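Going by my numbering, the sequence shown opens with residue 378, and the numbers climb by one from there.
The set of hints was computed from the structure by calculation and includes no laboratory data.
From a predicted model like this one, the values you see are computed outputs, not experimental measurements.
Some hints could be false.
Said to hold, decoys possible - Derived DEER-like restraints, expressed as beta-carbon distance ranges:
id : residue 1 : residue 2 : range
1  : Ser480    : Glu556    : 48 to 56 Å
2  : Arg454    : Trp502    : 32 to 40 Å
3  : Asn547    : Pro574    : 14 to 22 Å
4  : Ile566    : Leu447    : 42 to 50 Å
5  : Ile566    : Met481    : 43 to 51 Å
6  : Val545    : Met481    : 23 to 31 Å
Glycine included, every Cβ here is placed at the ideal spot set by N, Cα and C.
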Amino acid sequence: MMKPIRVLHVINGEHYSGAERVQDLLAQRLPDHGIEVAFACVKPARFPRMRRSKETPLYELPMRHRFDLLVPWRLARLIRREGFHLVHAHTPRSALVGRVAASMTGVPFVYHVHSPTSRDSTRGWRNRLNQRVERRCLQGADRLITVSHSLARHMQSLGFDGGTLVTVPNGVPCVERPERPAPSGVWRIGTVALFRPRKGLETLVEAL
378 MMKPIRVLHV INGEHYSGAE RVQDLLAQRL PDHGIEVAFA CVKPARFPRM
428 RRSKETPLYE LPMRHRFDLL VPWRLARLIR REGFHLVHAH TPRSALVGRV
478 AASMTGVPFV YHVHSPTSRD STRGWRNRLN QRVERRCLQG ADRLITVSHS
528 LARHMQSLGF DGGTLVTVPN GVPCVERPER PAPSGVWRIG TVALFRPRKG
578 LETLVEAL
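Starting from the given sequences, assemble the full structure and let the hints guide the process.
Dropping the structure here:
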């Protein structure tokens, strides 16, 4: 019988928004495919409290600042001690520590590109810094996962090899919808999203 693959997801953890829900869903669903999952949280706050995958091991490795070099060493010790086979990071900060720890332990490194870092917030200087950190850390990554084909093209435009890119669209488990009458009259449409320019809420308004 083959041993399960053990994957360590290195995450921030200060929020519980779109990317964090993807991480939470992965922890809930990957065991169905023979993959054991754990989290290493470098900015523990809302995610540890709000996640649904409560049975998934979560290790808190708080960073005192963005370039806290002690955390990669602690992360590498965790990888060796728990026998993880792969490191999967999700943010520029987690890529920084995850890439170093993966190199120290000789395990593959995968990065999940959830959005263009250059447009992640309304603070331009922060976006530029995060993009530089991300680009440096992703050199030599074993695989880059993008959530859309347009994002894959964006990463290629930054110089990343198309052979390392794979697109996996975000998804949610299918649920059976309850019976309800067909809508009639004037429709009322709602949306749930962070109120940021890159969310494209103006596109929804224009489409109406």
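A quick look at each hint next to the structure:
Checked against the given bound of 48 to 56 Å, the beta carbons of Ser480 and Glu556, roughly 54 Å apart, stay inside it. Taking 32 to 40 Å as the suggested C-beta distance range, the pair Arg454 and Trp502 conforms, at roughly 34 Å. Restraint check, Asn547 to Pro574: a C-beta distance of roughly 20 Å satisfies the suggested window 14 to 22 Å. Restraint check, Ile566 to Leu447: a C-beta distance of roughly 48 Å satisfies the suggested window 42 to 50 Å.
About 50 Å separates the C-beta atoms of Ile566 and Met481, a value consistent with the hinted range of 43 to 51 Å. The hinted window of 23 to 31 Å between Val545 and Met481 holds, with their beta carbons roughly 27 Å apart.
The structure is consistent with each of the numbered hints, conforming to all of them.
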